[in-house]
Every structure is written in structure tokens, then in C-alpha cells.
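**Q** From just these sequences and the hints, can you work out the full model?
The chain contents come next:
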Amino acid sequence: MSHAVLSSQRPSADTEAPALEVRGLGKSFPIGGLFSRESVRALHGVDLTIGRGEIVALVGESGSGKSTLARCVARLEKPSSGEILIDGVDVLKRDRFQASRAFRSQLQMVFQDPFGSLNPAHRVEHFLRRSLAIHRTGGSSETETQQRLEELMTTVGLQADMLNSYPHELSGGQRQRVAIARALAVEPRVILADEPTSMLDVSVRIGVLNLMRKLRDEQGISMLYITHDLASARYLADRTAVMFAGELVEEGESLDLLANPAHPYTQLLVSAVPDPARAGSYDPVRRAELRQAVMASTSCAFDGDPNQTCSAEEPVRHRVGDPENRHWVRCHLYRPQAGAGGHALATEPTDNKASA
Amino acid sequence: MTVSQVSFGSHEPVLEVKNLTVKYIGDTRSTTAVDRVSFSIGTGEVFGLAGESGCGKSTIANSIMRLLKDPAKIAGGSISFGGKDVLAMSPEELRRFRWQDVAMVFQSAMNSLNPVLTIGEQIVDIFTTHAGYSRKESLRRAGELLELVRIDPARLKSYPHQLSGGMRQRAVIAMAVALKPSLLILDEPTTALDVVVQQEIMAQIKELQRELGFSVLFITHDMSLMVELSHRMAVMYGGRIVETAKAQDVYATPRHPYTQALMGAFPPLTGPRVSLTGLPDGVKFRNIPDLTEAAPGHFVAPVGAGASAPDTAIMEGAAR
Numbered sequence: 017m018s019h020a021v022l023s024s025q026r027p028s029a030d031t032e033a034p035a036l037e038v039r040g041l042g043k044s045f046p047i048g049g050l051f052s053r054e055s056v057r058a059l060h061g062v063d064l065t066i067g068r069g070e071i072v073a074l075v076g077e078s079g080s081g082k083s084t085l086a087r088c089v090a091r092l093e094k095p096s097s098g099e100i101l102i103d104g105v106d107v108l109k110r111d112r113f114q115a116s117r118a119f120r121s122q123l124q125m126v127f128q129d130p131f132g133s134l135n136p137a138h139r140v141e142h143f144l145r146r147s148l149a150i151h152r153t154g155g156s157s158e159t160e161t162q163q164r165l166e167e168l169m170t171t172v173g174l175q176a177d178m179l180n181s182y183p184h185e186l187s188g189g190q191r192q193r194v195a196i197a198r199a200l201a202v203e204p205r206v207i208l209a210d211e212p213t214s215m216l217d218v219s220v221r222i223g224v225l226n227l228m229r230k231l232r233d234e235q236g237i238s239m240l241y242i243t244h245d246l247a248s249a250r251y252l253a254d255r256t257a258v259m260f261a262g263e264l265v266e267e268g269e270s271l272d273l274l275a276n277p278a279h280p281y282t283q284l285l286v287s288a289v290p291d292p293a294r295a296g297s298y299d300p301v302r303r304a305e306l307r308q309a310v311m312a313s314t315s316c317a318f319d320g321d322p323n324q325t326c327s328a329e330e331p332v333r334h335r336v337g338d339p340e341n342r343h344w345v346r347c348h349l350y351r352p353q354a355g356a357g358g359h360a361l362a363t364e365p366t367d368n369k370a371s372a
Numbered sequence: 129m130t131v132s133q134v135s136f137g138s139h140e141p142v143l144e145v146k147n148l149t150v151k152y153i154g155d156t157r158s159t160t161a162v163d164r165v166s167f168s169i170g171t172g173e174v175f176g177l178a179g180e181s182g183c184g185k186s187t188i189a190n191s192i193m194r195l196l197k198d199p200a201k202i203a204g205g206s207i208s209f210g211g212k213d214v215l216a217m218s219p220e221e222l223r224r225f226r227w228q229d230v231a232m233v234f235q236s237a238m239n240s241l242n243p244v245l246t247i248g249e250q251i252v253d254i255f256t257t258h259a260g261y262s263r264k265e266s267l268r269r270a271g272e273l274l275e276l277v278r279i280d281p282a283r284l285k286s287y288p289h290q291l292s293g294g295m296r297q298r299a300v301i302a303m304a305v306a307l308k309p310s311l312l313i314l315d316e317p318t319t320a321l322d323v324v325v326q327q328e329i330m331a332q333i334k335e336l337q338r339e340l341g342f343s344v345l346f347i348t349h350d351m352s353l354m355v356e357l358s359h360r361m362a363v364m365y366g367g368r369i370v371e372t373a374k375a376q377d378v379y380a381t382p383r384h385p386y387t388q389a390l391m392g393a394f395p396p397l398t399g400p401r402v403s404l405t406g407l408p409d410g411v412k413f414r415n416i417p418d419l420t421e422a423a424p425g426h427f428v429a430p431v432g433a434g435a436s437a438p439d440t441a442i443m444e445g446a447a448r
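Line order of the protein sequences matches chains A and B.
This note's numbering applies: residue 17 is where the first sequence begins, and numbers increase by one.
This note's numbering applies: residue 129 is where the second sequence begins, and numbers increase by one.
Hints are computed from structural coordinates only; laboratory data are not their basis.
Quick partial rundown of chain A residues pointing at chain B, CB under 8 Å, derived from the structure:
1) S78
2) S219
3) V220
4) I222
5) G223
6) A288
7) A293
What you are looking at is a predicted structure, and each value in this text was computed from that prediction instead of being measured.
Glycine residues also receive a C-beta, built at the ideal position from the N, C-alpha and C atoms.
**A** Laid out in C-alpha cells, this is it:
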């Protein structure tokens with residue numbers, strides 16, 4: 017077969033260890049009563065690498081497991097299996113029972129709801145000062161701390177005098193900037209941002225995305241940007257990974273991935289995004305038909321069809337297009353020769369599933 | 129040129145809102161939520177109302193349905209539906225007006241279904257209460273209605289929690305069109321749903337609209353979705369309409385800086401990656417003037433210094 021099957025050791029751009037590496041991460045939640053042995057598989061065999069100063073977007077629908085992945089990586093949830101490496105060190109082995117302060121100073125989270133993530137009883141200064149004190153990043157003197165506070169505010173694009181404001185005095189966009197400043201105070205290597213803009217008014221969303229890009233450019237912070245919004249993933253992230261039913265099904269350089277989605281699920285997601293600029297005007301009826309076709313041909317483990325190769329064995333990663341785009345897909349149906357452009361969903365070959 | 133003038137015989141607007149002003153009256157001060165807003169919707173036309181939270185778009189929808197409660201008060205203007213004055217309707221007229229003439233699908237309406245009644249009972253209730261059909265006849269029609277939105281009629285016996293979010297939202301839309309209203313108000317009908325389900329719901333609405341020929345007032349903050357679905361649209365800011373034109377015109381040449389910011393808030397899915405700016409935090413527009421016609425059919429509120437809108441013909445744009 018002409019498929020280029022990627023080995024599990026993917027070549028990284030530099031010889032240094034990546035900022036964050038997730039290997040074979042799995043998570044199951046028990047369901048049913050106390051003595052029930054049933055469980056639901058929320059994550060399965062997730063491999064994800066984020067290089068230094070790289071922004072990776074994780075996209076998928078609600079229930080696809082992207083937030084579970086974030087919670088596992090942030091160690092708010094204990095993974096059932098797998099490894100989480102920061103700078104090449106397995107943090108699950110290092111701090112076995114809970115996240116250590118050292119871990120927290122390497123990885124910080126920015127949450128979806130800036131209205132819920134800031135204690136309304138405290139001024140902005142409190143949040144930042146507390147982070148600086150706990151992680152000893154505020155310098156040795158009060159003058160240095162004060163200077164650092166003002167610096168943080170400037171970095172996230174807020175006036176220094178807002179340090180004295182309470183959260184309720186700030187707009188949603190400003191609050192999310194405070195939440196980002198709080199994460200920055202720790203001087204982390206990696207920031208996990210779980211839908212950081214979905215609760216903001218649309219006109220200020222792009223400002224927060226631009227701020228995240230700026231932090232990466234200026235301070236080299238790596239980011240995992242979790243979103244259901246493909247367009248913003250394309251705007252912000254260097255690479256995008258697509259999650260479907262707890263597994264990564266496709267990943268690649270963002271522009272290439274969204275221009276040439278190979279996995280039927282990615283194709284479905286891309287086709288569902290409203291975009292007036294796209295050729296061929298809105299025809300929801302046609303799109304709904306496409307969806308049915310896609311869903312019918314997505315012979316994934318979750319389709320429950322034992323006759324499909326995917327259901328019988330673990331799918332493997334196939335490289336898509338130019339290796340430079342680091343674009344791979346996990347699907348037996350994918351045929352690399354099918355042309356470099358977007359695949360017509362209806363003509364997706366079905367005679368090729370015995371590959372690999 | 130509206131769609132009503134192109135594809136349908138009737139030139140009569142279904143809904144006409146003129147200089148609508150809604151105030152929220154407080155003990156010490158009052159806020160103007162909707163300020164001298166005028167627009168009309170033709171037969172079979174999809175009219176979009178875009179804007180962010182707090183801009184007054186939902187207040188307008190509630191005004192049309194006469195659902196405003198204290199402290200909100202309609203302080204001025206008129207709403208006429210098919211020539212009838214909505215603001216002067218008696219309670220009995222209103223009861224007929226709601227559901228039969230105008231139906232509304234609320235944001236996350238799928239959560240507004242009664243959890244202890246089956247879907248079937250809730251649809252039957254509409255027919256028995258508003259149309260006076262017998263129970264048996266109502267049940268038959270309820271089944272047809274579910275088929276219309278591609279839900280198996282066997283689901284009539286299901287309780288809301290047994291349906292997915294998308295199915296529930298489709299059931300709610302089916303209920304809204306049950307009595308064949310001539311205007312359907314959709315207030316952020318897909319905000320709580322995923323893109324793929326959103327696409328299905330929008331497809332459903334479009335199909336129903338083609339079949340039943342009703343007009344739509346479509347409220348959302350998602351400009352891309354709005355441009356795809358609407359024939360004409362208006363952009364609201366701070367209770368005022370700042371721009372209104374054919375949706376394609378607004379998309380191609382947004383003239384008001386706020387519209388431009390909203391458009392810039394949605395990165396494109398194709399083409400090169402370009403830097404977008406959105407609306408800087410803290411930027412506010414105040415004392416928004418009446419609309420003027422900047423291009424044929426394209427009405428924009430003039431902006432002071434630094435406005436990019438070329439002032440061509442000055443016309444009575446707001447009072448269309």
C-alpha cells in the first residue's frame with residue numbers, strides 16, 4: 017500500500033523535549049450504582065504533542081471528550097491510563113496523588129466562564145498578588161511586586177488602575193484578561209484555555225485571541241486551545257487536532273487541515289460551519305444530506321458495525337499530503353491518492369478499508 | 129428590494145415596527161432598552177436582527193409578542209401585524225394572535241418543554257386549546273407535525289429527557305409552526321447547540337419556510353449564520369439600529385464601524401490567515417443618529433469623526 021503509516025514516535029521539529037506531551041491517555045468514568053462495574057470511555061489512547069511556543073487547538077463537539085482531556089492534563093481529573101509529560105518529565109509519576117505546586121507553576125488554566133472564575137469579593141490585585149506570592153514570582157521586595165503587577169496588567173492590555181477594581185466592575189472581555197493575567201503571574205510553560213471566548217460578547221472575542229497569540233509570540237508560552245469553533249481554531253492555532261468520541265481522529269497544520277479535511281467527521285464539522293465566503297451558497301438541505309452520507313460511511317469503532325475494519329481493530333494514522341503539514345488521519349477509508357483538494361464526501365472510496 | 133417584492137405576490141409587509149421605544153422603568157432611573165427602532169418584514173421574508181447581549185434584540189421580540197412584563201414598558205411607536213395594531217389588542221385577540229399569527233422559539237427553548245408531560249401531550253394541548261380540534265384529531269396532527277421535522281411519530285409518547293437536545297429543539301420548532309403562523313420569531317434558536325446540529329435545525333427551518341411560506345424574524349449574534357439565512361438584516365447596538373440592508377450587502381460592505389467589528393469577530397474558514405481586530409474593549413457608541421441611505425437599500429447611522437461610511441444621499445431612511 018502506498019499509505020505512509022506514521023510510527024508512534026513522531027519526529028519533532030527540534031531535539032528538545034516538547035513543552036507538553038500526552039501519551040496514550042485514557043479516562044473511563046464508572047456509571048451505574050456503587051457496585052456497578054460498567055464504565056463509559058471518555059478518552060481513549062490520546063497522543064498529543066505541543067512544541068515549545070506552539071499553539072495547538074483541540075476541536076470537537078460537546079461530549080467529544082475535549083474538556084475531559086483538558087481536565088486530565090490539568091490534573092483536575094485522574095486519568096485511567098497514559099502519561100503526561102511536561103518538558104519530558106512524566107508528571108503523573110513525579111506527583112502521584114495530586115498536582116504539586118511545581119506542576120501548577122508549569123501549567124495554568126484559563127476557564128470558559130470569567131464570571132464564575134473570579135471571586136467577586138476580591139479586587140483584581142488580590143488574584144494576581146496571590147499567584148505571585150504562592151509561586152514566589154513577585155520578586156523580593158514590595159516595589160518589585162508592584163512593578164510586576166503593573167507589568168502583568170499592561171501585558172494583557174488592561175489599565176494598571178484596574179488593579180483596584182472588583183470583577184463586577186469589569187466587562188466579560190476584561191475579566192477574561194484578568195484570568196489570563198492570573199495565569200501569567202505564575203510564569204507557566206503551558207496554558208490550557210478551555211473555550212476562553214465562548215462566553216464573551218462576539219465583538220471582544222477576537223481581542224482575547226489576539227492577546228493569546230501575542231503571549232505566544234513574545235513569551236514563547238505553549239497553549240492548548242480547546243474550542244468548538246473551527247474558525248477561531250484556524251485563526252489562532254498552528255496545529256489543530258480533531259476529537260471524536262474520546263479519540264483524536266485527525267491532526268495537522270490548521271490551514272491545511274481545514275482546507276483538506278480527510279476524516280469524514282472533520283469534513284462534517286467543516287461543512288457545518290456557516291461561512292458566507294465559501295463557494296456555493298447556503299444550502300442546508302444539501303448539507304443535511306451530506307451529513308447522513310458522512311455518518312453512514314464513518315465506519316468508526318463507535319458505529320457498532322462489526323463488519324467494518326475500524327470496529328475490529330485499532331485504526332492507525334495515515335499521513336495526508338505534504339509531510340511538512342504534519343497532517344495525519346485515523347481512518348481506514350482514507351485514500352491519499354484521492355487528490356490533494358477537498359474530497360467529495362459522496363465519492364469517498366469504500367473499497368479501501370482493508371488497508372494497513 | 130426585498131424578497132417579498134421578488135418572489136411573492138404580496139407587497140404588503142407582514143409586520144411593521146415603527147419608532148418602537150421600550151423602557152425599563154426603575155424606582156430612581158429608567159433605561160431605554162429599545163430606542164426608536166423601525167423595520168418591516170415582507171411575506172416569506174427572513175429578516176435578521178443581529179447584535180450582542182443587551183442590545184435590545186430580545187426585547188423587540190418580546191414586544192412583538194406583547195410578552196413584556198414590568199418594569200418594561202412600551203414607551204412609544206407602533207407595531208402592526210397584517211394591518212392590525214398589535215399594541216391595541218384585547219386579551220382575547222392576543223390569545224389568537226400568539227401561536228396562530230405569530231409564533232416564537234426562544235433561546236434554549238428545548239429546555240422549556242414540560243418535563244412531566246410527553247411530547248405528544250404538549251403538542252395536542254396546542255391543537256385543543258388554540259384550534260379547538262378533538263383529541264383524536266389533535267393526536268393525528270401532532271404525528272404529522274413530528275414527521276414534518278423528521279422525528280418518528282412514535283416519539284409522541286416520549287418524555288423530553290428521552291430526546292437529544294437537537295430533537296427537542298426540532299420538536300419545539302414543530303410546535304411553533306403547528307398552527308401555521310404567518311410569522312415565526314426565532315430568538316437565538318441554535319445558540320445552545322453544536323454546529324452540526326445547528327446546521328440541521330437551520331435546514332429544517334429553511335425547509336419548513338419553503339413549504340409553509342411564513343416570514344421569519346431571526347435573532348442571533350452569529351453574523352455568519354445570519355448572512356447565510358437572512359434576506360435582509362439589521363444590526364443593533366445599544367437599543368438602536370445602526371445599519372440595515374440586504375444581508376449580502378451588509379456582508380460584502382459593512383459600513384458602520386460596529387458592524388465591521390462584528391464581522392471582524394468571525395474569522396473566515398478559507399483564504400489566508402489575516403489579522404482581525406474586533407471591537408477594542410471599552411469602545412462605545414453614544415447618541416446614535418437616525419439611519420441615512422448610504423447606498424440604494426443600504427441604511428447606516430452616520431458616525432462622527434473617522435467614519436468610513438461615505439455619506440451619499442441623505443434620506444428618511446429610518447421610517448421605511
